[in-house]
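Taken in order, these protein sequences are the chains called A and B. Just so we're aligned: the first sequence equals residues 0 to 751 in numbering that gives the first Met the number 0. Just so we're aligned: the second sequence equals residues 0 to 539 in numbering that gives the first Met the number 0.
Hints should not be assumed to be uniformly reliable.
Said to hold, decoys possible - In silico EDC-like cross-links for lysine to aspartate or glutamate, where the CA-CA straight-line distance does not exceed 16 Å:
(1) Lys420(B) with Glu174(A)
(2) Lys569(A) with Asp85(B)
(3) Lys507(A) with Glu370(B)
(4) Lys197(A) with Glu174(A)
(5) Lys375(A) with Glu174(A)
(6) Lys420(B) with Glu14(A)
(7) Lys102(B) with Glu400(B)
(8) Lys176(B) with Glu124(B)
(9) Lys507(A) with Glu499(B)
(10) Lys262(A) with Asp222(A)
(11) Lys507(A) with Glu219(B)
(12) Lys187(B) with Glu319(B)
As the list claims (entries may be wrong) - Among the chain B residues that face chain A by a calculated CB cut under 10 Å, a handful are:
(13) Gly30
(14) Thr61
(15) Pro81
(16) Gly339
(17) Leu433
These are calculated hints, taken from the structure and not from any lab test. Note that the structure is a prediction, hence the values are computed from the model and not measured. Don't be surprised by glycine CBs; every beta carbon is placed ideally from N, CA and C.
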Amino acid sequence: MSIPPQQAPDPKRFEVSKGTLLFDRLMTQVIRCGGIAVILAVFGIFLFIVKEIVPLFSGAEVRPGEVREQTGERPQVLGVDEWGERPFLYSGRDRITFISATDGQREEVEIPGLKDKVITATAYDPVNRRVALGLDDGSVGSFIVAYQTEFADDGSRTVKPEITLEPWFQVSVGEGAVKALAYGDGGAARVLVVAREKGLAVLRLAQKRALVGKPKLALAGTDDLTSQVNSEILGVAASQNGQAVLVADASGEVRYFQSDAGKVSLIEVFRPFGEEPPVRMDFLFGGVSVAMTRQGGEQKIFSLFRPEGSEIRVFGETKSFDPLGSGTPVFAPNLRNKSFLTGAGGRLTLRHLTSGATRWEGEAPFEPVLATFDGKSEHFFIAAEDGRIQGYRLDDPHPEAGWRAFFGKVWYEGGSGPVYQWQSTGGTDDFEPKLSLIPLIVGSLKGTFYALMFSVPIALLAAIFSASFLPHDMKRVVKPAMEIMASLPSVVLGFLAGIWLAPMVEDKVPSILLLCLSLPVSALLVGVLWCRLPMKSRRLFEGGREWLLLLPVLGVVAMVAWSLGPLLEKALFVYRDPGGREIADFRLWWPQATGLPFDQRNSMVVGFMMGFAVIPVIFTIAEDSLSNVPKTLTAAAAALGASRWQVVRSIIIPVASPGIFSALMIGFGRAVGETMIVVMATGNTPVTSWNIFSGMRTLSANIAVELPEAAPGSTHYRTLFLGALVLFMLTFTLNSMAEILRQRLREKNKIV
Amino acid sequence: MDSKPTSFATTGRSRKGEPFVWLTAAGLTMGVVLTLGLLGLVVTKGIQTFWPDRIQVFEIDTGAGTEKVAGYVVQERERRDPQGVDHEEIQIFRGNRELFGEKFAFFDRASIRSQEIPEDILLVERMEGGHVIARAGKILRADGTEVPANDPGFATSLDELIEKTDTKREELRRIEKIEIGRNAREVKELRSLERFEGSTPETQARLATLNEEFLKLDAERNLVRQALAGDVLLLDAVDGREIRIEAGELLHIFRPNQAGVIGRTGEMLRRVWHFLASDPREANTEGGVYPAIFGTVVMTLVMSLFVTPFGVVAAIYLREYAKQGPLVRAVRISVNNLAGVPSIVFGVFGLAFFIYFLGGVVDSWFFPRSEEPVFKSGGVLWASLTLALLTVPVVIVATEEALAAVPRGVREAALACGASKWQAIQRVVLPASLPGILTGVILAMARGAGEVAPLMLVGVVKSAPDLPIDGEAPFIHAERQFMHLGFHIYDLGFQSPDSEAAKPMVFATTLLLITIVVVMNLAAIIIRNRLRKKYATSSF
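Could you build all of it, start to finish, from the sequences and the hints given here?
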């Protein structure tokens, strides 16, 4: 035998073609970049949603403009056009000064017909830009500063002021000069509140439509309120819609008169600051709330609300703010939302009524005496005693947002106390959105709770049986069947819940109660009886086929329980109607017995159908962890003489308990985010009650229902995103915890 | 402890805790019964809507005399009146909307005097107004002749009539949808061109010819309409009133009480086909769901086009290329968990990112002239992308599992033979894990097909005039809104004005959707089981 001489291998044999290497490197890069990009993209979802909601939590941005020169006179009225371009100052004479906010140019315009008149009081309504005037002879009138906006071809605009004088009215009540006045313009019906040296009157003005020409404003009546006020009148205020009139006197009392259907009546007398009178009373946007400010800067908000059991709306204190500090307080309501600018002694703050939050704070270059907003809520202006003015650019797109608005109890206008409420859209412009997420979160948790109540027992029991007792060949059919159930589209479940199940179980609640009780009890009973049987017959069904035997038994039990329901109803759930007649009907009995409503589409139906969606999720995961319990453990227990249930109870369940727990968490996550079932099977009313027979609105259903209608970038839109983020965080955290638990369990079982 | 020794006979079959075993068995029983019951319910209800029932004529005591009603029983129920007395009621579908207003009515069982199944009742389907249940009256032809029901040639002339209207209607549809539609589109394009670039003699000339063409088409259309309008079918309802149906309205006539089992099966198949292949009518409550099927399929396919490569690349990266460590483990857990994030959250993201952000960018780059948003509104493309994001974790997880299941030996053998890393993956690992990847993709498609909540935000509509893929250039219209089976169910069941009339359609649609989803899932499960068998020996 000769060994062939060792040949040195051809060195080329170990060479790889350049192309292969290049391609390999290329693919490595492609896959690395692609993989990282996909993963980043998936996590980008989270960042993008966060990006959308960040503006909700930022305060107002305010940029001061330049200080414009003085007029020398003490201004009484400061107003501005809707673009914030040409503010004007009026100091109670026959001329009015317009100042350009861009270049500071001044323009004096004469007001016709004011030449020889002595003006003793002024009032300003920023919405209509109406200056109301009171004269020394007791007559009152007004003029409107209108702006004509002209757009040039290149898109630039010019704003031209125009002054329209309105008719004069002589006040027939009282005597002396006009001391204070207020104008409430409710369109067709208006009020002019006039306080004279002696006497107080409300002039009701009516807009009469003429056949030809402009509608005419005429005096519809004068109400003499002199006798209703005891001490000297210090201030008057009228709401935007002309329905509420407030009169403050020297004794610290404020009287609320309501002007309605041609008469003015006293509704309420209250003392905002005890003995001390308020120095300012200013209505906020919407005319439902009024801000009272006292010397020294203490500020309280009073809102109209209906006390429980009363039909009449009265003013009640809803909020109080930190004192503004010393100095003359200034105040300007925002004309777009419920925020307002206030301040004293050179300090300015922008506050929001609903959330009670301070949106911005800043120092003015002088001590302002007047302030006003433009109609778009993009600028505000302040004026000093010597006629200097300064403009500010305001950027506050989400004034009503904030932690308190979303998660705290808020006292909304018109409510009788602080509440959690979700009502995002309303019919009118001055509607106050109620954006508390709490009712939605409660709704989500409520649906989840009832779903888990129904699904957890069934899923866990089934998982235990399947993992511990079911023969292998049956398991091969049962598990995929459950997986298919997991894939049933939720829209199908929701549709069945709403159209088929809800009407069917509406009048069968007692039957369902009986079913819930009788099924487990009868299964236990069968077990007890089965043990008494001789071994010979037991052998037929042993070893995991018990569930087949239970099929007919439970079927019969269910049918009996179902048909016994009406009997139970007759025995227990009898409703007594006002006439004394007795009707056995659970639907009527429940509200009578508990005071809670009964809806056809209720949480029970949702819980049942959502349970369907959750059962397979919990079953699959719990079954996995139960069957992965090491055989050595169970075999050891059985060898020590444990019965098969003892093995399950003392070995399998404790060892697999983290897995079972993680199954529950994942089931919870699935139920919390479920959308279609809830949309279709509940009435979608946001409520904060845990009543099983009422509906709810969940975070997810709320998004599905409202997001298509929400304007992009609006507070409503971003709040819905916040809801989505809450859902995302909730499910993601739960699932991560569950996953970590499961991995630990897997490692533990490996070691064992 | 019990000091008495237990006999060996009871070991392993001890009675201790046996009732609890039975309790757990009850859990499984209930789970299985609920699952099968739900599926069974949908299947029976779905099939019921297609099966032609016999039409019965009931004589009903109204208190002031008797009234005859023809129809078939839809359901029976017990109702409790405010006095607490129970009534057994039957719900009858009686059609003939112009006579009764409501197509369905409840009658107290106690008020029914007699019921019979007469042979000569017709069930007539028409374009508008729902079904008519009546006896044949006569045919009034446009030329003034009439054929009474007792004429021996009545049946043939009725068939002729229906055939004629069918062809005419098809012609009308062609003129209206295709030719006039094309004309209108070109006019719109020209107008938009004129607005931006000023009108030129050419555009004006083209507009004039288009207008002429339109007038010609309009005249043609009117001609066909006139031909459709002439003939009339008169029917006698069982209560003696007469129903008049223009021939142009006639769709189909069936005699349910004469047909035998074969005839009724044939009718059922016809209804199934009609349901699958025709457009919806009457606010979706009649007709078929063809556009919804088409939309669902297109959306799902486009989605899988996105989700497959991305999911597979990400999985290969995670399993084969990334350095295994705590970071990759964290990423893996997170990806896994994304599958559990509520679908509506993805919808929210899709709306904000794809439609408002990306759509806005695309519109400002490519369609600055368009008056209405093109891509800045919901459409097939955005919906598919949203669902792709939603389902990408499914594919990643499945692919990773499949890659991990490829035995180490196979991989090492490939490397030992001198393959580069990519060559080993491409030639050995990927083919071996293909069934697993396929399972993941099918599962993702099944999930995508059944998902509704995110689609409501990103482009699904109750009724879309055009399909996302058609014969118009550029053939694939990614920006178009589309119909979807799942949304169809939601819309019909909960938004439709006459929910009772919509019920059969909803059940039929539900059956269809469930069939699609279950078949896809079964396929995935079967493929997965095969895969397990293939590697069962080598992986454990």
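Where does the structure disagree with the numbered hints, that is, which hint numbers, in rising order? As far as the earlier hints go, 1, 3, 5, 7, 8, 9, 11, 12, 14 and 17 are violated by this structure, in ascending order.
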